[in-house]
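Residue numbers (our numbering), protein chains in the order written: chain A, 1 to 203; chain B, 204 to 435.
The hints are simulated quantities; they were obtained by calculation from the structure and are not laboratory data.
It cannot be assumed that every hint is accurate.
To be verified - Partial pick of chain A residues on the chain B-facing surface, computed with a CB cut under 7 Å:
hint : residue
1    : Leu8
2    : Phe9
3    : Pro11
4    : Gly12
5    : Ala58
6    : Thr116
7    : Ile148
8    : Arg149
9    : Pro152
10   : Ala191
11   : Glu194
12   : Ala195
13   : Ala198
14   : Arg199
Every residue, glycine too, gets a C-beta built ideally from N, C-alpha and C.
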Amino acid sequence: MRTTALGLFRPGDSAVHRMGAGSKLLILLVLGVTSVLTQHWWWVSAALVTGTLAGYRAAGFGVRVWWTQVRPLWFLLAFTAVAQLLTTGWQRAVGVSGSIVVLVSVAALVTLTTPTAALVDTVVRLAGPLAPLHVDPERVGLFLMVGIRCVPLVADLARQVREAQIARRATTSTRAFVVPMVVRSLREADALGEALVARGVDD
Amino acid sequence: MRIELERVTNTFGEGPTARTVLRDVTLTLTERRIGVIGHNGSGKSTFLRLLNALVLPTSGRVRIDGLDTSRDAKELRRRIGFLFTDPDAQIIMPTVAEDVAFGLRRSGLARPEIDRRVRELLVRFRLDGHADHPAHLLSGGQKQLLALASVLITEPLALVMDEPTTLLDLRNAAMIGRVVAGLDETVLLATHHLDLLDGFERVLVFHEGRVVADAAPDVAIAAYRELMSGEP
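Using the sequences and the accompanying hints, generate a full structural model.
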């Protein structure tokens, strides 16, 4: 079964779905900055996590959908929380872990409730003023598209390489994972590049 | 459509590792259904990539309707769509409808018109029930149909298909074959599923970078089978 870590768009008619992509990206930016600045106040992070969950509810998604987005981070969250707990105390552990959860959850909520094309159009529009600086707004949008596309692609590659590792009884070898993963990622990147050219993206 | 190859040679790499994959190929193709067969590494894929300017000849010239692939790649890619063996490599957007619409991103068409064309193609390929589904979760056959729809949305004059059924089971391969048979566009199809070439006008057999047979399907396939029977 193929997996995806990043929330793919799920059509809906909620207020969150109807909100413009630009507004959602602005909220994401504000929340991101806020959560980083206030991570030493544990109760702010806790409040933001609660607010984020309310956002999922408002979009018509249950806790399960939210958990699907956050679950792949459990190792990072556990590591961060334990490290903070041992060095600075439980308040900071909650604050830092909470801010990570908020950022990932809200970013996923944006992609879950916004068609990729709308997100890309917004990013292209926002990058418009950079055109005189020789920054091609369409290319900035393309970076975003390719980035979103690569998430399931790389996740699937990692799964296949992991399965091959298990089949060859090389589960403890880091090299047996890294080498085929890098080689196959480069090959996939090459193929994706060729497909983009074939579809006239670079014209 | 008139496709002309004049003494085309393609070599990849340099020095002792250099590998020549096409050798002095000269061809003129005007048929609407052209098959390309040969074993792996015979030069089929390079030949097809030359037509969409994904690869340029090391020497010689490729012209399509008078346009030179070395100079007019942009215009040629508008006229010629390319379908890859692995549809996963071709799918760019996360959902089915978005991927089909991707080809019209810079077309200047209004959103409702883009949506109408996308819907039409999805219905034609029976993918309308999957419009908002993640593209990478479709079955192999559906993914190849999606890749085909994503190419057709730009209304190319010709379709170049590089072994589009190699990764599919027999049922899905036959389904793609039926879809290909019903296309109005000129088709150049490389395949190992030889039955897909029924009804084709001309079939080229590649071997070690050269066209060793160029005939109607039954004659060319017989030549290919004979060639393979002599291989170790």
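Now for the hints, and whether the structure bears them out:
Nearest Cβ of chain B to the Cβ of Leu8 of chain A: about 5 Å, under the 7 Å cut. The hint holds. With a least beta-carbon distance of about 6 Å to chain B, the hint placing Phe9 of chain A at the interface is held under the 7 Å criterion. Contact between Pro11 of chain A and chain B, as hinted, is supported at the beta carbon level, the nearest pair being about 5 Å apart and thus within 7 Å. The interface hint given for Gly12 of chain A is broken, as the beta carbon of that residue sits about 10 Å from the closest beta carbon of chain B, more than 7 Å.
Interface hint status for Ala58 of chain A: violated, as the beta-carbon distance to the closest one in chain B is roughly 20 Å, over 7 Å. The interface hint given for Thr116 of chain A is met, as the beta carbon of that residue sits about 5 Å from the closest beta carbon of chain B, less than 7 Å. Checking Ile148 of chain A against chain B by beta carbon gives a least distance of about 6 Å; that is within 7 Å, so the hint holds. With its C-beta approaching chain B no nearer than about 6 Å, Arg149 of chain A sits inside the 7 Å limit, and its interface hint holds.
Given the 7 Å rule on beta carbons, the hint for Pro152 of chain A holds: about 5 Å separates it from the nearest Cβ of chain B. Proximity of Ala191 of chain A to chain B holds as hinted, the smallest CB-CB distance being about 4 Å (cut-off 7 Å). For Glu194 of chain A, the interface hint holds, the least distance from its beta-carbon to any beta-carbon of chain B being 6 Å, beneath 7 Å. Evaluation of the Ala195 of chain A hint against chain B yields a held restraint, the C-beta minimum of about 5 Å falling below 7 Å.
At its closest, the beta carbon of Ala198 of chain A sits 4 Å from a beta carbon of chain B; the interface hint therefore holds under the 7 Å criterion. Residue-level restraint check for Arg199 of chain A holds (minimum Cβ-Cβ distance to chain B is 6 Å; threshold 7 Å).
Hints 4, 5, counting from the list given before, are not met by this structure.
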